[in-house]
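Protein chains in written order, with my numbering: chain R, 126 to 186; chain W, 171 to 637.
Please keep in mind that the hints were generated in silico from the structure rather than gathered at the bench.
Since this is a predicted model, take the numbers as computed values, not measurements.
Hints should not be assumed to be uniformly reliable.
Derived lysine-lysine pairs resembling BS3-like cross-links, with alpha carbons at most 30 Å apart [to be verified]:
#1 K164/R - K141/R
#2 K141/R - K500/W
#3 K164/R - K234/W
#4 K626/W - K164/R
#5 K500/W - K560/W
#6 K234/W - K181/W
#7 K560/W - K181/W
To be clear about the criterion: a stretch of chain R counts as covered by chain W if any three or more of its residues have a C-beta under 8 Å from a C-beta of chain W, and this derived list gives those stretches [said to hold, decoys possible]:
#8 144 to 155
#9 171 to 179
Just so it is clear, CB atoms sit at the ideal spot from N, CA and C, and this is done for glycine as well.
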Amino acid sequence: MSAEFDAGAHVAHMEKDMGLTIEDDWRPVIEAHIAATQKAAEQVLSFPLEDHVEAASVFEA
Amino acid sequence: MSGIADFPSLKAVEIAAAVQGGELTATELAQASLQRVDQFNPAIRAFTDVTAERALADAARVDKAIAGGAVLPLAGVPFAVKNLFDIDGVVTRSGSRINLENPPATSDAFLVSRLCEAGGLLMGGLHMGEYAYDFTGENAHDGNCVNPHDLTRMTGGSSSGSGAAAASGMVPVTLGSDTNGSIRVPSSFCGLFGLKPTYGRLSRHGTFPFVGSLDHLGPLARSARDLALVFDVLQGWDKADPAQADRPALATLSDLGRGTDGLRMVVAGGYFREKAEPEALAAVDTVARALGTSAEIDIPEAARARAAAYVITAAEGANLHLDRITRRPKDFDPETRDRFLSGTMVPAVWVQHAHRFRSWFRSMMREIFEHVDVILAPATPFAALPTGTKTITLGGEVMPARPNIGLFTQPVSFIGLPVAAVPVWLDGAALPVGVQVIAPAWREDLALRVAFQLEKEGVCRAPVASL
C-alpha cells in the first residue's frame, strides 16, 4: 500500500462516487477517521498470509 | 433472608430463592424496581423505555405460577435490556433517532423471551451509544448516561444503560451487546461482572445488528453467580440466527464452585501491558496474585488483531447503514455519523485481508490454549473517564478517547473468545476497574469459575453505587 495515503483526495473521490453528503465542518473529522482506518489496514496488510488462509464464511470460534 | 427494603443490593439468585420460597412476591419486586428507576433514572439516564405495565402484569403471572407450584429459575427477577433488543410493543431504538420512526416490535427478542419464560420481569429498554458504535455512554439524542459511582464520569459503552442500571441497583441483571468490547467496557467502568460468551453461543435473533461477523450478546450483573444463572437460562438453539453454532448447552451454575485448582492461568504481557494506566495493571496483578499465578505470556500480533477488528467494524458497520448515512446523515449523532461516513470509503481488499487474518489469529490462539486454560488481561486501559473526554495519552501517545477505550477488548472479541469481566476496587480507589478473564472458545464455564472464585475471596466485588 502507498506509504503516503492522501485522505483528503480519497474522501473527495469516494464522496462523489458514493453520492455522500459531507458538510465542510465534518470533512476534517471524516478524513481523520479514514486515515486512522488506513493506518490500521496497513498494519493488517503488512502481515503476510499464506495463500490457503481463508476468511470464514460463517465464522466459528 | 433480606426484605424488600434491601432490593437494590439483592442478587438475582437471592431474589429467585426468596420468591420461590414465598418470602417475597414478584409483584413486590417489580414495584421496588420501578420505584428505584423513578427515583434515580432522571439523573443517570439508564432507561430510555420503562415497561411498567408489562412488568406488573408479568409479576402477577409469576406470582400465580409460583402459587400453583411452578419452579422458575428467575422467579421475580427484574431485568432490563439494551434498547437494541426487540421488546414487544416498543420501538427498537438502537440508540438512534432514525430507528424511532420504525413501528414497535411485535415480539420479544429470543433472549428476552428466554428470561421471561424463566420467571424474569422485563422492566424496559436501556440507553446505548448510537447503533452501538461507542465506548463512552454518550448519546446526542438521549443525553449522556452517567456512571452511578461518580455522576461526572462515563459509564462506558455501548451498553451504557446496561452498566448504569445494574450498578445503581435499579435491576440486578441486564443484557447488553458486545462487538468490540461493549459489555466488558461498561462492566469495567461501572464495576460489574459481565459475560461476553463465545461468538455463536447465544441467539441474536430480534436484536438490531452492528457488525454481524463480530456481534455478541450477554449479561451484566453484580455477581458471578448471577451471570452463570442467567447464562444457563439464555442458552438454547434458535435457527433464526445464522451465526449461532449448533452446540450443546453448557451448564455453568452447577460447576461454579469447583474452584481454580489445576487451571493453568497466565497474564497477558506485551501489548496488554504497554498502553495500560497503573490502575489497570494493578487490577490485573491483584487478580493474578489472588489466583496464585505470575506467569506471563506474550500474545503475538495482538495489535494487528485489534487493527483488523477496527477495519472490519468500519466497513461492515457502514455497509449496514449505507442507505441511512447516504440519505440523512444529519439525523445521526455527529460522533457516529463521521465514522459511518468514513466507513463507506474502505476498500474491499483491506476488509478481506482482515477477515483472512482473523482465521490466522484464531489458529494461533488455539495453539496457545493447548497450553493454558485462562488468560488475564485488563478490560480497559483505565478506570472511567470524565464525561466528555476527547483525547487520552497512553504510552506517551496522544490519541482520540472514543475508539481507543477498547484497546484491550477488541483483539479478544475479534476471534470470539468467551470472557468474564471482573471488577476490582483497588485500595483507596474511588472507582472500579475491570479485568478480563479469557477462556478458550466454548469454555464460558472456566471464565465463570475463575470469576466466582475471585468474588468468593473478596478480590472482586460489585457493590451498588451509593446514590
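The hints, checked one at a time:
1. A C-alpha spacing of about 23 Å is found between K164/R and K141/R, which places the hinted pair at or below 30 Å, so the restraint holds.
2. In summary, the hint linking K141/R to K500/W is supported, as the alpha carbons are separated by about 18 Å, within the 30 Å threshold.
3. As the CA atoms of K164/R and K234/W are separated by approximately 59 Å, the hinted pair breaks the 30 Å bound.
4. Annotation: proposed proximity of K626/W to K164/R is violated, straight-line Cα distance about 44 Å (limit 30 Å).
5. Between K500/W and K560/W the CA atoms are separated by roughly 21 Å; this keeps the pair inside 30 Å, and the hint holds.
6. With a CA separation close to 22 Å, the supplied pair K234/W and K181/W stays within the 30 Å bound.
7. In summary, the hint linking K560/W to K181/W is not supported, as the alpha carbons are separated by about 35 Å, beyond the 30 Å threshold.
8. A stretch counts as covered by a chain when three or more of its residues have a beta carbon under 8 Å from one of that chain; for the stretch 144 to 155 of chain R and chain W the count is 7, and the coverage holds.
9. Interface restraint, the stretch 171 to 179 of chain R with chain W: holds (4 residues with C-beta to C-beta distance below 8 Å; minimum three).
Hints 3, 4 and 7 from the earlier list are contradicted by this structure; the remaining hints agree with it.
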